[in-house]
Each structure stands twice: as structure tokens, then as C-alpha cells.
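Residues per chain, in single letters:
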Amino acid sequence: MPEIPLPDPRWADLPLAFAVLGLALWLTLTRGDRAAVIGFTGYGLLVAVAWVRLGSVDVALTEAALGGGLMGVLLLTAVARLGSDIDQPRPSLPGDLLIGLLCLGVAAGLAAVVLGLPSPAPSLVAAVEDHQAAIELGNPVAAVLIAFRAVDTLLESVVLALAVIVLWSFGADRAWEARPRALDFGEPSPALVLLARLLPPVGLIVGVHLFWTGADHPGGPFQGGAVLAAMALLVWLARLGRPPPVTDGFTRLGIVVGPLMFLLIGLAGVVLAGAFLGYPDAFTKPLILLIEAAKTLSVAVALALLVAGPPALSGALSMRRTGSTETGAKA
Amino acid sequence: MDLADGFTAIFVSLGAFFFFAGWVGLVRFPDSLSRLHALSKADNLGLGLVIIGLMPQASWPFGMLKLVALWLLGVLIGGATAQMLAGAIHLDDGREPPGGNGDFARRTSEAGRNNEPGAAH
Amino acid sequence: MTEAQIYGICGAGLVGIGLYGAILGRSALRRLLAFNLMGSGVFLVFGAIARRGGIVDGTLSDPVPQALVITGLVVAFAATALAVALLIRLAAVDREEAPPSAEPGSADAPSVATTPSAGSPSAGTSP
Chain C
1 MPEIPLPDPR
11 WADLPLAFAV
21 LGLALWLTLT
31 RGDRAAVIGF
41 TGYGLLVAVA
51 WVRLGSVDVA
61 LTEAALGGGL
71 MGVLLLTAVA
81 RLGSDIDQPR
91 PSLPGDLLIG
101 LLCLGVAAGL
111 AAVVLGLPSP
121 APSLVAAVED
131 HQAAIELGNP
141 VAAVLIAFRA
151 VDTLLESVVL
161 ALAVIVLWSF
171 GADRAWEARP
181 RALDFGEPSP
191 ALVLLARLLP
201 PVGLIVGVHL
211 FWTGADHPGG
221 PFQGGAVLAA
231 MALLVWLARL
241 GRPPPVTDGF
251 TRLGIVVGPL
261 MFLLIGLAGV
271 VLAGAFLGYP
281 DAFTKPLILL
291 IEAAKTLSVA
301 VALALLVAGP
311 PALSGALSMR
321 RTGSTETGAK
331 A
Chain R
332 MDLADGFTAI
342 FVSLGAFFFF
352 AGWVGLVRFP
362 DSLSRLHALS
372 KADNLGLGLV
382 IIGLMPQASW
392 PFGMLKLVAL
402 WLLGVLIGGA
412 TAQMLAGAIH
422 LDDGREPPGG
432 NGDFARRTSE
442 AGRNNEPGAA
452 H
Chain G
453 MTEAQIYGIC
463 GAGLVGIGLY
473 GAILGRSALR
483 RLLAFNLMGS
493 GVFLVFGAIA
503 RRGGIVDGTL
513 SDPVPQALVI
523 TGLVVAFAAT
533 ALAVALLIRL
543 AAVDREEAPP
553 SAEPGSADAP
563 SVATTPSAGS
573 PSAGTSP
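Those protein sequence lines, which keep their order, are chains C, R and G. Residues in the first sequence are numbered from 1 upward in steps of one, following our numbering. Residues in the second sequence are numbered from 332 upward in steps of one, following our numbering. Residues in the third sequence are numbered from 453 upward in steps of one, following our numbering.
Excised from the complex, chain C in its bound form (with noise of 0.2 Å):
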């Protein structure tokens, strides 16, 4: 075989940072809500290529899981739910070109900054791996995220639980005993049915998986939950089970888990290793994996939750796609 270099792989970062932003402006400028909403589930995904071109492949797993899928479900369910209320006039053809050259001067500025960012660059690098071998971790993301920087995990996972809150919050008062409704499309296609039978326990495997490799691979608590909380979607959209009331005593429990035994892992090395959230070192990696297995579960628990939406009493979502108002009692 004649000795054929291989192509520099940046001729490929050109096409796809200018298709991230083509896409962008075109999902800016579109007329359709649910047109926008789909061109930004792709976008989500072309910004997870980029990523993994950018070599943080945990944060790529994230981006697609959470930015491309789990959110383009959320926004789907909003555009189903809210249909298009204009609710904002075109401002005149001269303002809306000054606000067109604010963003290009805004976004002129940012460019400016990258581009003048300091060389030699600064780097943790060095400092993160000097302290992973202490904390028996291959990936250096899961090192920073649950050892070295784990208070803004822990007030992450409770930050999530605080929003699940909130979120049963914006149900009406007469709901709360309801069971969230924000999932209900009607009668499943059968094709939808089969999908739902047939991967969550793929998904399953899948999710755990990405949480256990990703201790020295890259995956971790996020892209698992994210994974398992999809397979949780799949089955209250097929209607082969439905999402549980808000007063219901394990979904509670579920949410909680993960912060709750972060926070009293961390108190506990208060004690035994002289600094909150310290680990001691005879224990530091089966804790870190406990702690990274409840988060999983709260994760997942918690962004199904999310999407699943407050509770809600049939008739009080419509479809503004056909004009029909969910009535009758789909309890």
C-alpha cells in the first residue's frame, strides 16, 4: 500500500464549528417553535462531536445525553404543550439591526478573548495527576469532580434535588395528590411500545455500566443517570408505567439518597480524615464509589423526574397542536 499520510483531523473542525453555527442562527431564525426545537436536539449532538474534538469525551457524553437528548424530550413536551404564542412583536428593521451589531460586537468581544488568551497556557494538568494516584482513579475528570473538587458536586446533587422541589412546586394546589401529566400523548404508537419493551433493560446495562467505567474510563454518575433516567422516560411515554405521585415515599427517597449520603460521607471525614469531605485513606475509593452509586441513582431519579414535569390534573395540559384538550379520567 503507497505510503498516503493521513489527513490533518483539523480540515474537519472548519465544517463543523461553522455547521454549529449555521444551525445556531438558523434555530434563532426560524418561524416554527417545534422546527427550532428539533434543529436544537441535532445541535446539541454536533456540539458533542466538537467536544469529543476538543478531548473531553465525559463532558461529549454529558452534552449528547443531557443538551441532546434528555432536553430535546423536554422541549418537545413544551412545544406540544404551548404551541406558538407570539407574544413579542418584530421590532422595526433599524433596531433590530442595532441589536444585531450589539451581538456581533458582543460576540466579536468574546472571539477577541480567546484568541488573547495567555500563551504558555495555564494548566492543572500536572497538579491533577499529582494527587490522583492518592485517590486510585484512572480518570482524572471523575478525580476532580468527586475528590478534589467535591463541594461543588455536593451542592450540584443537592442543587438537583432543590430543583425537583421547585419544580412539584409550580403544580396547582388541588394536583398535588395528582400524578405528573406533562408525559401524557395519548394512545402509544405500538412501534413505541416495542422500543419500550425492548431497551430498557439494554439501557439498564448500559447506564451502570457508564457508571462503574467511569472511574478510569470516561463516563461517571451524570452520563449513567442520564442514560437510566431516559430508559424511565421510555417507559411512562410508552404508558407501560407512569411517573409516581410527588407524595410518593420512595420517589422521595430516591431524590435524596445521593446527596444525603455525599453529605454524610463528607461529616464523617470531618472526623476520620480531618477536613469535610475528606476520605480516609484506607477507605477513599470504596467510598468514592458509594457515593458516585447513590448520586447515579439520584441522578436518574431526579432528571426523569424533570422532565416528567409537576403534577397535574388531566385537562390542564392541552395539545396545542390539534386544538384538543385532554379530558376525561386518564387517572
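These aren't lab readings, by the way, just hints derived from the structure by calculation. Misleading hints may appear alongside valid ones.
Not everything, but these chain R residues come out facing chain C in the computed CB check (under 8 Å) [said to hold, decoys possible]:
#, residue
1, Asp336
2, Gly405
3, Leu407
4, Ile408
5, Ala411
6, Gln414
7, Met415
Sample of chain C residues with no beta-carbon within 10 Å of chain R, all distances over it, derived [unchecked claim]:
#, residue
8, Gly72
9, Leu117
10, Trp176
11, Pro190
12, Asp216
13, Arg242
14, Phe283
15, Thr284
16, Leu287
Cβ atoms here follow ideal geometry from the backbone N, Cα and C, with glycine treated the same way.
Starting from the known structure of chain C, arrange chains R and G on it as the hints suggest.
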């Protein structure tokens, strides 16, 4: 570029060509159903060719098996979503999807229970 | 031009596009999408910074900005879910307060901009 890379380059390019052909169908075909047909056929073929092209780059055996599993998932999900979309297109146009939205088993068993003459498909 | 610079400028462009859509978006959902575009652009700038750190030290990418971006993605998703639920609930409240003589087909007519006066007196009684 050795033999494996050349194989990958050829087959992934073929797969990309079929994805492009699917896009041409999406743009040029007149109605939704034919566009859906073009997309699902061309995209499945393109996916298969891309997976075949990536085989030499994967480790034996589990890397290759994971690629095959990915392809199987892609085909399954692609087929099911094409069915769902086609059913939705039929309903959108105001007509009943042929075959009762694909649920032959339930429809024929119900028709048989009611002793309808048109129970057989 | 390294890929970090390419995607960093791409992120800057996304912030500009998102800002434009957030100001001039036709509906609340479009403005929400544009806000997410802005967030995505900022994360890409983070990614460019992480990649520059990785290039310097010979690895793929600096892990600390990656961890920050992962946290940011999850929180952005939670915020979007809250915004969507708020929009749906607002639309439902507006529909409940629409005049009962309206026909069923137009009971879902856009009422966000046209019934602020009908909404405010009874805003205290609705949940």
C-alpha cells in the same frame, strides 16, 4: 496509512455518501412519506457501511462486538421511529394508518372476536 | 489555528447568536432556546481553555474546566426544566381565566399577551 486505515477510509466514505443520498431524498422528494422512506433506507445502509468500515479500528473481540451491538440498536430504533413517524404522518393527513398503526396482532384478534369478515389482513 | 481556537471562536459566535435570540425571540420558548445557546457557547469557550491547557501539558485536556462544564450542563438542564414547567403552568393558568364563552377551538388561542388585565385581578386566587 496502512491497509486497515485504507479499508476504513473507503467504507466510511461510502457510508457518508449514502447519508448524503438520504439528505438528497429528504430535500427533493415531494411528500413526507417518501422522504421518510428515503431517509430510513439510506441512513440504515450508511450506518451499516460506517460500522463495517470501523471494524478494523476496533479491538478483537469486544470492540467489534460493541460496534455490532451499536449497529443493531441503530437499526432497531431507526425502524421503530420510522414506523412511529409514518403513523403520525397518516394521522396528520386525516386518515387511519394502513393496518391500524401497525398493531396487527390486536386488530386481527379483535376483529376475529367480533367475527368481522375482513378480519384477515 | 489550533482546534481550541476554532471552537473558542465558535463558542463566542454562539454567545452572540444566543444573545440576539434571547432579546428578539418571538416566543418565550424561543428565548429559552437562545439562552441555552448562550450557555452552550460559554461552555465551548471553557472547552477551548481546557484544550489549551491540555496541549501545553501533553494530554488531551485539562480536567478541572471539564468538571466545571459537566456541573454547568446539569444545572443548565435543571434550570431549563424549571423554565419549561413555568411556561406550561402559565399557559394553563391563562387558559383557566379565559372567558368561558370562547369556543373550544379558540380557548387555546394565544392569550398571553391579550389577557393581562383579565389575569391580574384573579392572580391572587389562582394557585
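Hints violated by the structure (listed by number, smallest first): 2, 11
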